[in-house]
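Enquirer: These protein sequence lines are chains G and Z, in that order. In terms of my numbering, the first sequence opens at residue 172 and continues consecutively. In terms of my numbering, the second sequence opens at residue 172 and continues consecutively.
Be careful, since some hints might not be right.
Which copy is meant is left open, because identical chains are indistinguishable; a pair holds if it fits in one copy or across any two.
[To be verified] Simulated crosslink set (SDA-like; lysine to any residue; CA at most 20 Å straight-line): (1) Lys251 to Asn270; (2) Lys277 to Glu254; (3) Lys228 to Asn218; (4) Lys174 to Leu223.
Hints are computed from structural coordinates only; laboratory data are not their basis. Because the structure is a prediction, the values reported are computed rather than measured.
2 protein chains.
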Amino acid sequence: MSKVITPRAEDYSAWYLDIVKNANLADNSAVRGCMVIKPYGYAIWENMRDALDLRFKATGHVNAYFPLFVPKSLFEAEEKNAEGFAKECAVVTHYRLKNDASRPGKLMVDPEAKLEEELVVRPTSEAIIWNTYRDWIQSYRDLPLLINQWANVVRWEMRTRPFLRTAEFLWQEGHTAHATKEEAIAETVTMLDVYADFAENVMAMPVIKGVKSANERFAGAEDTYCIEALMQDGKALQAGTSHFLGQNFAKAFEVKYLNKDNQQEYVWATSWGVSTRLIGALIMVHSDDAGLVLPPKLAPMQVVIVPIPNAVSPVIEECDRLAAELRSHGVRVHIDTDETKRSGFKFAEYEMRGVPVRVAIGKRDIENGTLEIARRDTKEKQTYPMADSSGIIRALLDEIQQNLYNRAKEYRDAHITHVNSFDEFKEVLETKGGFISAHWDGTGETEERIKELTKATIRCIPLDAANEDGVCVLSGAPSKQRVLFAKAY
Amino acid sequence: MSKVITPRAEDYSAWYLDIVKNANLADNSAVRGCMVIKPYGYAIWENMRDALDLRFKATGHVNAYFPLFVPKSLFEAEEKNAEGFAKECAVVTHYRLKNDASRPGKLMVDPEAKLEEELVVRPTSEAIIWNTYRDWIQSYRDLPLLINQWANVVRWEMRTRPFLRTAEFLWQEGHTAHATKEEAIAETVTMLDVYADFAENVMAMPVIKGVKSANERFAGAEDTYCIEALMQDGKALQAGTSHFLGQNFAKAFEVKYLNKDNQQEYVWATSWGVSTRLIGALIMVHSDDAGLVLPPKLAPMQVVIVPIPNAVSPVIEECDRLAAELRSHGVRVHIDTDETKRSGFKFAEYEMRGVPVRVAIGKRDIENGTLEIARRDTKEKQTYPMADSSGIIRALLDEIQQNLYNRAKEYRDAHITHVNSFDEFKEVLETKGGFISAHWDGTGETEERIKELTKATIRCIPLDAANEDGVCVLSGAPSKQRVLFAKAY
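With the rest of the complex left out, here is chain G (with noise of 0.2 Å):
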């Protein structure tokens, strides 16, 4: 109770950095713009892993574990991708440290330890892995190759974040490798139905499939798919990518196949991420004033009991029961049985924590057969017969994944606007926020004054869009479908 979080209303920013603070996601570290994911934090980043990973590997990819360092001359071999990332990257020069003679007890870089040739700490891996690839493909019958890394990267971010922006982060990465470009654009866009079913199954947070514009595209890529998100401050957010890479990189690293008429031929390739970032976009989704809410199937205690008073016959052991009951069903249970902490602390604590239902039993409930059940998205209360409670709370844990999901859809839904002068658009973007729907002229020039006048970028192109002749709002030049615009993380 002794927590305080700044409402949405008075300072988003700030009311984000107070749930992750208080709800005990993450801490800074001494490491500029790198933080601590707090056990609280990882146990969610655990759940979004396994069931991400769950779906790859129903997909027909298996994981691999390539090299954190990437030597400078392969990791320049793809020109636009190294000019994309050349700027944020940590290098490792030195392999030694040696006693600093001027300073006893302190450590100094041995510059006899310098390295012939620099090492750039990932900041994606296409370099390394297209490297590798080459030695594994031969023939069509390597093809496809298909496979994910879980691993961390670095890149050197100037204005940090917690989840939304961190100098190194954890991630996965898919770099697959088909014969045909045909099969190379099927798969970015099956892994981009992976992503977007994650989103809206698991993370209860609503999507838009679309493609980047080329001045928002991924550096190296002939194409970039895309989900994006809305928070709750009218930002979009970039939830998940997955690149056609064309033959860029097996151009760049001489990745060939000898095709079924025994010729020759470059690979075709895709490469797909989400990361950390999705806890940001999840908090921010989800969640209210009185702190973190979650969605049951990322919840890492679903269910918490609370006894009143703490761990007295007969209230523990029916405590007890009903945590068994519900964890034969798989439920994640947590009976909090402390006694230094009053209930009404103890409540106020889970709430700020998100858990999805909090149950509470007391001695009175013992003698009338009930228990109380309270949810954190609605914040009901409710008295229920104790003897249903298992199957009660099941139901209201499935009733809560889609009442967050329905809340923050119908939030979305409202918050697309179509606009079709370039006042409007201005207007929207600055009293209402979220997504723009509008005409565009399709060039870069077009767009990036956009951005330069209101802040605003093409989040995407949406795979839906209908076609309907327009004219830009811009330039006035005609278009034939509307695009995405809106301020972002």
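Starting from the known structure of chain G, arrange chain Z on it as the hints suggest.
Expert: Showing chain Z alone in chain G's frame:
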């Protein structure tokens, strides 16, 4: 069948590298001393990780994630630890690359982007973690803190070998904080027991639990507990360590807590870890001249079913039925329907990859209601009735797991030799190898001298060693118990 393995008797080291390569476990990379863990090798690591993680959580630990980088000033704070790792540290000195004006298309380290303080790529995380624990621990109520991390670490090794010694490797590192010395020591021993249980019951690898001599202790520890295994060439391998760190890190990072008497005290610490090195041990304990041999509990494929001829009715239906039946019992099954390869080739391939059970089903089998089951450990083949096959195979998997353990234990036990003179010591070491149980005077000088003369080190002082009066094999000074010497990986 085209893949050939050097026999162990001819060149054990070449045999090891052949297994790593031909069983598709790992590959060299473009980065000095770093390997690529291939999908099949990584799948073994995933199984190890899951089995360990389950045990860590069952003993009350949670996972978290700390930064990859350690600022030099933190790294050097615990002096012994810093000294122990300084000579093998990868150091990040810059955070940006820029175009090299003299070499178009090439990049160079941007001298303007030099870090004020160098960052060490973690060789282990005590420093960064204990610097964080200072903020997390105020009172006895915050203790014990039981945290584990799954991560990559880097130690710049000059001579590397896949899995056994690589510059980058994957591992888990537990870091716990306790109110009392006794509790910290109990944790150290608990985690040693967890490792021993995992090694023996999952890896089927017998281990000896013991304590390291002062010379072999982890840098910064008060006591290092370890599990030691014996490889088929008679060399020992340290398979896991659990360190009692005393108050060394608490003092270096000023981590104190308020005890129940309202007094500030330094916290007590442990750390413990196992790494991808265990895959090297797994290979060397069980495999033979035909390839990898895997214990069923870790095998990515526990059973492979080969239809003969390929995918032809009714053979394939019978394969599918058996696979479904086995999978319903949680068995990992693969059906090989690749029509481009002959069954003889497939048999050799699965033997090479160490799949514990191979099932062949042919047309004749369908008529007879039989199938052929081959076990990898003994290479025995036998025909069984189709009707009982699922139960037979599951029982066989258990039997193979047990047989591998028994076989390894028999070898290990036969290679612990008691010696009572230094001549005997040298002779046994050169002719028979294995562990040598000998009296030692307890001094670092004697230990060092024995290492210089024989290359054998003290692997551990076994926890279950009996008190026995004797004299040191080298110095003749009195000794109260035998310790285990061996040449080691």
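Enquirer: Does each hint hold? Answer for all of them.
Expert: Hint by hint, here is what the structure shows:
| no. | hint | in the structure |
| --- | --- | --- |
| 1 | Lys251 to Asn270 | between (41 Å within a copy, 12 Å between copies) |
| 2 | Lys277 to Glu254 | between (37 Å within a copy, 10 Å between copies) |
| 3 | Lys228 to Asn218 | both (16 Å within a copy, 15 Å between copies) |
| 4 | Lys174 to Leu223 | neither (33 Å within a copy, 36 Å between copies) |
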